[in-house]
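Let chain A serve as the given structure and place chain B on it in line with the hints.
One letter stands for each residue in the lines below.
Number of protein chains: 2
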Amino acid sequence: MSVRDLALSAKAASGKLAITSAKTRNDALVAMADALITATPKILQANAQDVRLAKERGEKDSFIDRLTLDQKRVEGMANGMRKVSLLPDPIGKSDAVFVRPNGLRIEKRRVPLGVIGIIYEARPNVTADAIALCIKSGNACVLRGGSEALLSNAAVCDALNEAAIQNGIPDGAIGLLRDTDRAAANEMMKLNGLIDVLIPRGGHGLIQSVMQQATVPVIETGVGVCHVYIDESADLAMATGIIENAKCSRPSVCNAAETLLVHASVATKCLPEIAKRLAARGVELRCDERSKSLMPGSIDATQEDWSTEYNDLILSIKVVDSLEEAISHIETYGTHHSDAIVTECYRTAERFLNEVNSAAVYVNASTRFTDGEEFGFGAEIGISTQKLHARGPMGLDELTTVKYAIRGEGQIR
Amino acid sequence: MSVRDLALSAKAASGKLAITSAKTRNDALVAMADALITATPKILQANAQDVRLAKERGEKDSFIDRLTLDQKRVEGMANGMRKVSLLPDPIGKSDAVFVRPNGLRIEKRRVPLGVIGIIYEARPNVTADAIALCIKSGNACVLRGGSEALLSNAAVCDALNEAAIQNGIPDGAIGLLRDTDRAAANEMMKLNGLIDVLIPRGGHGLIQSVMQQATVPVIETGVGVCHVYIDESADLAMATGIIENAKCSRPSVCNAAETLLVHASVATKCLPEIAKRLAARGVELRCDERSKSLMPGSIDATQEDWSTEYNDLILSIKVVDSLEEAISHIETYGTHHSDAIVTECYRTAERFLNEVNSAAVYVNASTRFTDGEEFGFGAEIGISTQKLHARGPMGLDELTTVKYAIRGEGQIR
Numbered sequence: 001m002s003v004r005d006l007a008l009s010a011k012a013a014s015g016k017l018a019i020t021s022a023k024t025r026n027d028a029l030v031a032m033a034d035a036l037i038t039a040t041p042k043i044l045q046a047n048a049q050d051v052r053l054a055k056e057r058g059e060k061d062s063f064i065d066r067l068t069l070d071q072k073r074v075e076g077m078a079n080g081m082r083k084v085s086l087l088p089d090p091i092g093k094s095d096a097v098f099v100r101p102n103g104l105r106i107e108k109r110r111v112p113l114g115v116i117g118i119i120y121e122a123r124p125n126v127t128a129d130a131i132a133l134c135i136k137s138g139n140a141c142v143l144r145g146g147s148e149a150l151l152s153n154a155a156v157c158d159a160l161n162e163a164a165i166q167n168g169i170p171d172g173a174i175g176l177l178r179d180t181d182r183a184a185a186n187e188m189m190k191l192n193g194l195i196d197v198l199i200p201r202g203g204h205g206l207i208q209s210v211m212q213q214a215t216v217p218v219i220e221t222g223v224g225v226c227h228v229y230i231d232e233s234a235d236l237a238m239a240t241g242i243i244e245n246a247k248c249s250r251p252s253v254c255n256a257a258e259t260l261l262v263h264a265s266v267a268t269k270c271l272p273e274i275a276k277r278l279a280a281r282g283v284e285l286r287c288d289e290r291s292k293s294l295m296p297g298s299i300d301a302t303q304e305d306w307s308t309e310y311n312d313l314i315l316s317i318k319v320v321d322s323l324e325e326a327i328s329h330i331e332t333y334g335t336h337h338s339d340a341i342v343t344e345c346y347r348t349a350e351r352f353l354n355e356v357n358s359a360a361v362y363v364n365a366s367t368r369f370t371d372g373e374e375f376g377f378g379a380e381i382g383i384s385t386q387k388l389h390a391r392g393p394m395g396l397d398e399l400t401t402v403k404y405a406i407r408g409e410g411q412i413r
Numbered sequence: 001m002s003v004r005d006l007a008l009s010a011k012a013a014s015g016k017l018a019i020t021s022a023k024t025r026n027d028a029l030v031a032m033a034d035a036l037i038t039a040t041p042k043i044l045q046a047n048a049q050d051v052r053l054a055k056e057r058g059e060k061d062s063f064i065d066r067l068t069l070d071q072k073r074v075e076g077m078a079n080g081m082r083k084v085s086l087l088p089d090p091i092g093k094s095d096a097v098f099v100r101p102n103g104l105r106i107e108k109r110r111v112p113l114g115v116i117g118i119i120y121e122a123r124p125n126v127t128a129d130a131i132a133l134c135i136k137s138g139n140a141c142v143l144r145g146g147s148e149a150l151l152s153n154a155a156v157c158d159a160l161n162e163a164a165i166q167n168g169i170p171d172g173a174i175g176l177l178r179d180t181d182r183a184a185a186n187e188m189m190k191l192n193g194l195i196d197v198l199i200p201r202g203g204h205g206l207i208q209s210v211m212q213q214a215t216v217p218v219i220e221t222g223v224g225v226c227h228v229y230i231d232e233s234a235d236l237a238m239a240t241g242i243i244e245n246a247k248c249s250r251p252s253v254c255n256a257a258e259t260l261l262v263h264a265s266v267a268t269k270c271l272p273e274i275a276k277r278l279a280a281r282g283v284e285l286r287c288d289e290r291s292k293s294l295m296p297g298s299i300d301a302t303q304e305d306w307s308t309e310y311n312d313l314i315l316s317i318k319v320v321d322s323l324e325e326a327i328s329h330i331e332t333y334g335t336h337h338s339d340a341i342v343t344e345c346y347r348t349a350e351r352f353l354n355e356v357n358s359a360a361v362y363v364n365a366s367t368r369f370t371d372g373e374e375f376g377f378g379a380e381i382g383i384s385t386q387k388l389h390a391r392g393p394m395g396l397d398e399l400t401t402v403k404y405a406i407r408g409e410g411q412i413r
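From first to last, the protein sequence lines are chains A and B.
When we follow my numbering, the leftmost residue of the first sequence carries the number 1, and every step to the right adds one.
When we follow my numbering, the leftmost residue of the second sequence carries the number 1, and every step to the right adds one.
Isolated chain A, as found in the complex:
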């Protein structure tokens, strides 16, 4: 099916899907999770072929790892769907009801976005995850996964779709683009009127390409150049724990710290210990002039380091003379994703929260908490780095829009 036909089917289905009950959608999700388990042999067979082809092409081990499914990973996908089925329904509730002087009762009601387009790379678990979040939130979806995972994605999608249709989800609500030509993806990005929002999930290149080409509204996710700033009043043991966690607990993700800023008055006291701790975790340290002598084994940072998302066990370090200098550095080189201060000073903490213009700003906690699960949203479709519609971790509520339902008694203007 062409991408246009997929989107037309999705749009036709979305009207019906939007008015299904939460029970219908939740029961369908449980049935879909069961169907995924039942289809495990088929899915693993398809996946084995994707993996074989990827190995023949000479893909890197990390790529093969992300692509590969096994029984446990399929179970993980199914469990994810069951968990989504248990979350509160984001649809139909009202943000507000107000009555105007003329008696009109205006209700601001949460409704699905309609049709969500998701363009993603070679992780087949995203297929199940995205479908679960869309169905839960009453949205139809058009998925375009990486060509490297097409057979796996198709097997997952077929199993889910069949169970969905048998359980009251309108046919057409779940669409997977099987034409992995770039032209089809490009056409998808311009289907205004059919697709309500596009969410790219993947690397910087993918996201930028969608941002540049799409005429459909896009939610940008992604890049995080996150900072930890150790203030002069910081509890230095706490600071050491936070930077170690922010850098080392999972360096490949967007909420990991890339730069450590340290107030000059505590640099001598804390940097040697931090260097020791990070060296033990295998972190490469790239230092400005003032921090270098305090961190044995470090190398010189270049100008480029300050704006680099390493996604790796590398940390840049800079000594600053004031809160203002720290904030100014963060505003200049950061990506407004997640930034943390370690401080015991009330006034400094409040100023940092106010003045650092990032999606998530922390006092005395690791940047690694910027995450839908950690925020208690129960699920996450991505972390928005734009300001429109959603900012920070996006849960089910971010997959909804509003409509005004207005009750009158003949009012005219």
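Quick caveat, the hints were computed from the structure, so don't treat them as lab data.
Wrong hints could be hidden among the right ones.
For chains that are exact copies, the list does not tell them apart, and a pair is met inside one copy or across any two.
What the hints assert, rightly or not - In silico SDA-like pairs for lysine to any residue, Cα to Cα no more than 20 angstroms straight-line:
#1 LYS11 / LYS190
#2 LYS108 / ARG73
#3 LYS108 / GLU355
#4 LYS190 / ASP312
#5 LYS83 / PRO101
#6 LYS292 / ASN167
#7 LYS190 / LEU206
#8 LYS108 / ALA96
#9 LYS23 / ARG351
#10 LYS108 / SER94
#11 LYS108 / LEU353
#12 LYS83 / ASP321
#13 LYS83 / GLU374
#14 LYS16 / TYR333
#15 LYS190 / GLY205
#16 LYS190 / GLN212
#17 LYS276 / GLY372
#18 LYS83 / ARG100
#19 LYS16 / GLU331
#20 LYS276 / SER307
#21 LYS108 / GLU373
#22 LYS93 / ALA379
#23 LYS276 / LEU151
#24 LYS190 / THR215
#25 LYS108 / THR221
#26 LYS93 / ARG347
#27 LYS108 / ASP95
#28 LYS190 / MET211
#29 LYS108 / THR180
#30 LYS190 / SER209
What follows is chain B alone, placed relative to chain A:
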């Protein structure tokens, strides 16, 4: 100044503007309103020149009317600014504060979007209006008005900017693009990282052009093909009043009705009277086959009529056999802006509110109420016809985004 330099200045100013107090912003707005009054002679002089040039080019009377300022209109602009200064502050309040099991206190706090770009056509009052709403909501702005109003816009902007800077608004927060070349506007639409959101205000052509070309996130405003549906259970006197009001009270605006749908069982009873009432208001009636014989003086509707926004004293009329047919017509030909049903039946009313997928859905009221003032928002930056970020009338709250301010005690993950 080039559009890039204007945007750079706006971005630099936006960080400072975002942390000004509500009092600073409100006092500045009052001073700016006073400055507008003081500058009236200069503004009228500049405007007279715009008007003279427009007349020399042979512009239409309606265009000249929208372009022309007089003392009363300048006073109207100043009063609008004073009114905005009195509205509740949309900045700094929290949508929610929640505590996670690990003790993290997560606050979802309203903050300005940052830099708002507004591209609009030849109505100089939009300049003052847009500046007021942006300053009130803590946003810097880059304005690009129509070339036909450049002298007027510049005079308005200069007066406001001077007073703003004298009253604590950072220099650069208010930018007017004086290069009215299309190339500069095109560049503006691609200033990702400098401009956070673009709002086009004007006709369909302008909005579509911005939607197609912009890589900066856009809020689409505009086209309304709005319907009134008279159900079989309707109070017909109420229905007649509503369609008359929805069509005639201001036919040029997007929330005016363009199509009347009537249930077959009441068509004979109500259409002749409606025809009489609308004829007296000078409305041209374009009817489907079944309604035509009931509406003296009407002409045949063509297929095109069902999807046309007349913005004029023209109404298309169609007889339908059921609620389903009415909803299906609205979903097929409408623009999901504002649609109304007139009914006395509870179940029909609730189904219409649920199933019609428009920004504003009315029971027993005129579509003309879709408006920021009428909704009680106090001000309106436009009516969003997209689903992302804002839908329906946009007030000050829609000019904000969120950030998560998170307070911890050393939490790591």
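Evaluated hints:
In this homomeric assembly, LYS11 and LYS190 come within 20 angstroms of each other (Cα to Cα) only inside a single copy, at 15 angstroms, whereas the closest approach across copies is 29 angstroms. Neither within a single protomer nor between protomers do LYS108 and ARG73 lie at most 20 angstroms apart by alpha-carbon distance, with minima of 40 angstroms and 34 angstroms respectively. Proximity of LYS108 to GLU355 under the C-alpha cut-off of 20 angstroms is restricted to the inter-copy arrangement: shortest distance 15 angstroms between copies versus 32 angstroms within a copy. Neither within a single protomer nor between protomers do LYS190 and ASP312 lie at most 20 angstroms apart by alpha-carbon distance, with minima of 35 angstroms and 31 angstroms respectively.
Proximity of LYS83 and PRO101 under a CA criterion of 20 angstroms is satisfied inter-copy only: 19 angstroms between copies versus 44 angstroms inside one chain copy. For a Cα distance limit of 20 angstroms, the shortest separation of LYS292 from ASN167 qualifies neither inside one copy, at 62 angstroms, nor across copies, at 45 angstroms. For the identical chains of this complex, LYS190 and LEU206 are neighbours both inside a copy (16 angstroms) and across copies (18 angstroms), given an alpha-carbon limit of 20 angstroms. Taking identical chains as interchangeable, the C-alpha atoms of LYS108 and ALA96 lie at most 20 angstroms apart whether they share a chain (5 angstroms) or sit on different chains (17 angstroms).
In this homomeric assembly, LYS23 and ARG351 come within 20 angstroms of each other (Cα to Cα) only across copies, at 19 angstroms, whereas the closest approach inside a single copy is 46 angstroms. For the identical chains of this complex, LYS108 and SER94 are neighbours both inside a copy (5 angstroms) and across copies (18 angstroms), given an alpha-carbon limit of 20 angstroms. Proximity of LYS108 to LEU353 under the C-alpha cut-off of 20 angstroms is restricted to the inter-copy arrangement: shortest distance 12 angstroms between copies versus 30 angstroms within a copy. With identical chains, the CA atoms of LYS83 and ASP321 are never at most 20 angstroms apart, being 48 angstroms at best within one copy and 44 angstroms at best between copies.
In the homo-oligomer, the alpha carbons of LYS83 and GLU374 lie at most 20 angstroms apart inside one protomer (15 angstroms), although the nearest pairing across protomers, at 42 angstroms, exceeds that limit. Within a single copy, LYS16 and TYR333 get their C-alpha atoms only as close as 46 angstroms, which misses the 20 angstroms cut-off; across copies the closest is 17 angstroms, which meets it. In this assembly of identical chains, LYS190 and GLY205 lie within 20 angstroms of each other by CA distance both inside one copy and across copies; the values are 18 angstroms within and 17 angstroms between. Taking the shortest alpha-carbon separations for LYS190 and GLN212, both the intra-copy value of 11 angstroms and the inter-copy value of 9 angstroms come in at or below 20 angstroms.
For the homomeric pair LYS276 and GLY372, neither the shortest alpha-carbon distance inside one copy (32 angstroms) nor that between copies (59 angstroms) is at most 20 angstroms. Proximity of LYS83 and ARG100 under a CA criterion of 20 angstroms is satisfied inter-copy only: 19 angstroms between copies versus 40 angstroms inside one chain copy. Taking the shortest alpha-carbon separations for LYS16 and GLU331, only the inter-copy value of 12 angstroms comes in at or below 20 angstroms, while the best intra-copy value is 45 angstroms. In the homo-oligomer, the alpha carbons of LYS276 and SER307 never lie at most 20 angstroms apart, since the shortest distance is 25 angstroms inside one protomer and 70 angstroms across protomers.
In this assembly of identical chains, the alpha carbons of LYS108 and GLU373 lie at most 20 angstroms apart only when taken from different copies (16 angstroms versus 27 angstroms within one copy). Within a single copy, LYS93 and ALA379 get their C-alpha atoms as close as 19 angstroms, which meets the 20 angstroms cut-off; across copies the closest is 26 angstroms, which misses it. For the identical chains of this complex, LYS276 and LEU151 are neighbours neither inside a copy (47 angstroms) nor across copies (65 angstroms), given an alpha-carbon limit of 20 angstroms. In the homo-oligomer, the alpha carbons of LYS190 and THR215 lie at most 20 angstroms apart both inside one protomer (5 angstroms) and across protomers (12 angstroms), since each shortest distance falls under that limit.
With identical chains, the CA atoms of LYS108 and THR221 are at most 20 angstroms apart between copies only, with a shortest distance of 19 angstroms across copies and 27 angstroms within one. In this homomeric assembly, LYS93 and ARG347 come within 20 angstroms of each other (Cα to Cα) only across copies, at 19 angstroms, whereas the closest approach inside a single copy is 39 angstroms. With identical chains, the CA atoms of LYS108 and ASP95 are at most 20 angstroms apart both within one copy (6 angstroms) and between copies (15 angstroms). Taking CA atoms no more than 20 angstroms apart as the test, LYS190 paired with MET211 passes in both settings, with 11 angstroms inside one copy and 10 angstroms between copies.
Taking CA atoms no more than 20 angstroms apart as the test, LYS108 paired with THR180 passes in neither setting, with 39 angstroms inside one copy and 39 angstroms between copies. For a Cα distance limit of 20 angstroms, the shortest separation of LYS190 from SER209 qualifies both inside one copy, at 13 angstroms, and across copies, at 14 angstroms.
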